[in-house]
Amino acid sequence: MQLPKNVLGTELKSCCTSPMTGFYRDGYCRTGISDKGLHIICCVMTEKFLAFSQQVGNDLSTPIPEYGFSGLKPGDQWCLCMLRWKEALENGCAPQVVLEATHMSAIEFVSMEDLNEHAYEG
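FYI, the numbering for the sequence shown is -12 to 109, going by the numbering used here.
Think of the hints as simulated: they come from the structure by calculation, not from any bench.
In this text the structure is predicted, and so the values were computed from the model without any measurement.
Glycine is no exception: its CB is placed at the ideal position from the N, C-alpha and C atoms.
Check before you lean on any hint, since a few could be wrong.
Stated by the list, open to error - Computed list of lysine-lysine pairs in DSS-like fashion (alpha-carbon distance at most 25 angstroms, straight line): (1) LYS73 / LYS35; (2) LYS23 / LYS73; (3) LYS0 / LYS73; (4) LYS0 / LYS60; (5) LYS35 / LYS(-8).
Unchecked claim - Computed beta-carbon distance windows for the label pairs: (6) ILE51 / ASP13: 35 to 43 angstroms; (7) GLY19 / THR49: 21 to 29 angstroms; (8) THR(-3) / GLY109: 27 to 35 angstroms; (9) SER57 / GLY24: 14 to 22 angstroms; (10) LEU(-5) / GLY62: 38 to 46 angstroms; (11) GLU100 / ILE51: 32 to 40 angstroms; (12) LEU70 / TYR107: 15 to 23 angstroms; (13) LEU70 / LYS35: 12 to 20 angstroms; (14) MET99 / ASP22: 27 to 35 angstroms; (15) ASP101 / VAL43: 18 to 26 angstroms; (16) THR(-3) / GLU100: 13 to 21 angstroms; (17) GLU104 / PRO50: 18 to 26 angstroms.
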């Protein structure tokens, strides 16, 4: 499988496999025609972001065993929907971004400057 590019212009790296993330549940923040949410931005979860996401109707913390989802906790990496990250950015609670694992199309929605300001240095 040839991987797409990340926002740095190099080959897209895996975001996380534990928990398994990505629209295709392969660890990569890549997208396709059926990905209406654009799960293209690899983020490191924070308590502040998880609380915000739950408040706006997307509870990522609560396990859903029937879907094999154990719930996210601070420190987990996850492929977020692009518009959710942008909404969190506008509300002052955007999580850090793993640039090497964030799909190049993210810069169609937010500036590279915003991504760099939230770059994960871990």
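request  = Of all the hints given earlier, name the ones this structure violates by number, lowest first.
outcome  = 5, 6, 8, 10, 14 and 17
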